[in-house]
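Number of protein chains: 2
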Amino acid sequence: MRKPMKQMSFDEQLEYLKKGAVEIIQLEELRERLHQSIKSKKPLKIKVGFDPTAPDIHLGHTVILRKMKHFQDLGHDVIFLIGDFTGLIGDPSGRSKIRKPLTRKEIQKNAETYKEQFCKILDPEKTIVDFNSRWLGELGSEGFIKLASRYTVARILERDDFTNRIAANQPIAVHEILYPLAQAYDSVFLKCDVEMGGTDQKFNLLVGRDIQREYGLPPQIVLTMPLLEGTDGVEKMSKSLNNYISIQEPPGEIFGKIMSITDALMWRYYELLTDSSLQEIEKMKQQVDTGAVNPRDVKMRLAKMIITDFHDRKAAEEAEEEFKRVFSKGELPEEMQEKRLKCQPEPQWLPKLLVTLNLASSNSQARRLIEQGGVYLNGERIEDTNFELDLTKPEEIIIKVGKRKFCRLIIEQ
Amino acid sequence: MRKPMKQMSFDEQLEYLKKGAVEIIQLEELRERLHQSIKSKKPLKIKVGFDPTAPDIHLGHTVILRKMKHFQDLGHDVIFLIGDFTGLIGDPSGRSKIRKPLTRKEIQKNAETYKEQFCKILDPEKTIVDFNSRWLGELGSEGFIKLASRYTVARILERDDFTNRIAANQPIAVHEILYPLAQAYDSVFLKCDVEMGGTDQKFNLLVGRDIQREYGLPPQIVLTMPLLEGTDGVEKMSKSLNNYISIQEPPGEIFGKIMSITDALMWRYYELLTDSSLQEIEKMKQQVDTGAVNPRDVKMRLAKMIITDFHDRKAAEEAEEEFKRVFSKGELPEEMQEKRLKCQPEPQWLPKLLVTLNLASSNSQARRLIEQGGVYLNGERIEDTNFELDLTKPEEIIIKVGKRKFCRLIIEQ
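Here the protein sequences come in this chain order: A and B. Here this note's numbering = 1-based position in the first sequence + 1046. Here this note's numbering = 1-based position in the second sequence + 1046.
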């Protein structure tokens, strides 16, 4: 077993691993397995499955990566498992043009991209990247039949999305009910101690437990992590909802987006997107509650921590400086108003847009505000009264008008 | 295409193939495919699947073999397909000790036994024996997933026995829903024109049609044959119900059993167990109805035809002679009374048994009847008044007492 990076007592270790988890099935088993691991100096095997399609990781995805890191911090083996077996098949019915089979080369390339991105959080030296085609291909017709004999149709169909599709009279193809079994077999082959995933993966992870038992293995512990709320604080973070922060965004953009979230969401992000312990977070909360600390400063600290993860400390500090320069001290509102607009085919004249958004009373007042240097888009001062804004693509723009008026403009598809 | 053994007009051919079938899906397609085959001189491919377990063929099984013969008579290719893929797997859940996997050697041995038996009806030179492990093994994990993607769970679960099990809350293992797909894939690989089976196989045969379409092949024609009634004329012929005639039974026993069936069942047996055309059968029926012919003679003819199939003409004639000798002319009842007894741990004293069966009024009358040579068991005269009958195993015994009293004694488990 590698020397853990963090020196913690047993209880601290358990607390560290539990942090942010929605469910641990079963906690008692995790405690026991952790004990054994420490005693025998044999690291635990932690598996997390990833799609073989080209990744573009946003903060939502990093929740699970961070939990993997926590296990890594304590000296355990994490397996970044790329589910390429299904990817190599594509849409086997051949009906969808989108799910074309991927070539080995494409999968390898996607794996590289994953690695570039996950190594911002995980230690690349210590992360085992594996591909399930390695054993699922080998399994063969006979192995698949045997695997399929270990589970009942009824139990598979209990899965929420299957239940819903049955209720809606939507067809379920037979191969779809084989996939949870294939994923479960990954855990058999790898002899996993723990499998993690989002709460939406809970069913599949539990099948792994059952199937491991069927193959005479101790059942893996299932640990589910929440689906991170997007910057709107309501919906799950996703590209299509345009409420996400990609880990590849420039530092200034990440800073601005983090500063725009609510305080409640800020605590959530601390829990799920940083290594701060629950105790540390609780302490900050108390400081804010008693007025000892300005929540804005705690939020800036969060923004810097996140930027440090995906860029570096220097970039984080520069982003903070720039943000402070634009939104000079004391100006920053605790909450911003939020406006939504559909994408526009033509560029929009800024003064008119400010009126539409209720940030100016007339085009001429808007022009005057621009001339006076009081209008910022994403922290950048606009000085041209003829400025036209490109709203053809979904994005998020923070608009500042004068000293106190802020607006988060969300452009939607 | 081989030269057909029978020279028939197109309509006669179709009539010959239809004879006895419960359903043909679709008849129009069979007509068309038959036309094409004759025109192109390319024989049709007819598939029938058989269990890889050791066979002991009774008349019930010969119904489908005879239908295969009919196709063979017209020059088509029949494939005797042994479903060894599943046999090699056994009970994949490992829970049943009965369904142990078979070895290749065992399967080969069972195939030989099948051949010995089916060649009484089919032309062994013209019968293609094949094994589905040949292609189902090759299919691999990927092929199986692709196959599974071509069908929906809902449609598979519509199968009667699945529906019943769901209603009864009995579990269905996932591999069980893969088997109909595997069987359907046999038809894809073999490019079958026709698949036949008992009416209980209808669902599986229809899946073959669908899956062939999915793989871009013209769908096979499905032909179902009835499940033959046993000698009791009520239940399906089966070993466990002890109402069967094995093709390995001695000629005398087959003769006796056939003579014991009702007239109605006799016509059914003519239809399903002989090559007589419906016209020929109809003619005999009329002759019996008008009293021109004694039904007993028609039944004896049936018995001889069946014995000729499984032994030879000479054996059939000897069996007839022996039967006539014992049941001298005019004695044979149209119907026999039937009695059922459970197996007895101890041998039973014959006179007492005759009283129990109401064939004698007292033990002393029964003894007298035996002494006078008036008691026969299965056509064999019993002369010893101390005779004890072994009733430890299920069997059927025809008892004749005096000139007119007959009884079919069925010993049940």
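None of these hints come from the bench; they were simulated from the model. Everything numeric in this text was worked out from a predicted model, so none of it was measured. Take these hints with a grain of salt, some might be off.
A pair counts as met if it fits within one copy or between any two copies, since identical chains are not told apart.
The calculated DSS-like cross-link candidates involving lysine-lysine, where the alpha carbons are at most 25 Å apart (straight line), are [said to hold, decoys possible]:
id, residue 1, residue 2
1, Lys1166, Lys1237
2, Lys1451, Lys1388
3, Lys1398, Lys1350
4, Lys1085, Lys1385
5, Lys1192, Lys1146
6, Lys1151, Lys1192
7, Lys1370, Lys1350
Up to 25 Å between alpha-carbons, please classify Lys1451 paired with Lys1388: within, between, both or neither.
within (22 Å within a copy, 97 Å between copies)
25 Å Cα cut-off: does Lys1151 pair with Lys1192 within a copy, between copies, both or neither?
So Lys1151 and Lys1192 pass the 25 Å test across copies only (21 Å; inside, 31 Å).
Same-copy or cross-copy closeness of Lys1192 to Lys1146 [CA-CA at most 25 Å]
between (28 Å within a copy, 13 Å between copies)
Can you tell me if Lys1370 and Lys1350 fall within 25 Å by alpha carbon in one copy, between copies, both or neither?
within (13 Å within a copy, 108 Å between copies)
Within, between, both or neither: how does the pair Lys1085, Lys1385 come out at a Cα-Cα threshold of 25 Å?
neither (56 Å within a copy, 75 Å between copies)
Taking 25 Å as the upper bound on the Cα-Cα distance, should Lys1166 and Lys1237 be classified as within, between, both, or neither?
Neither: 27 Å inside a chain and 55 Å across chains, both beyond 25 Å.
How do Lys1398 and Lys1350 come out at 25 Å by Cα distance, when the copy is not named: within, between, both, or neither?
neither (35 Å within a copy, 104 Å between copies)
When the structure is compared with the earlier hints, violations turn up for hints 1, 3 and 4 and for no others.
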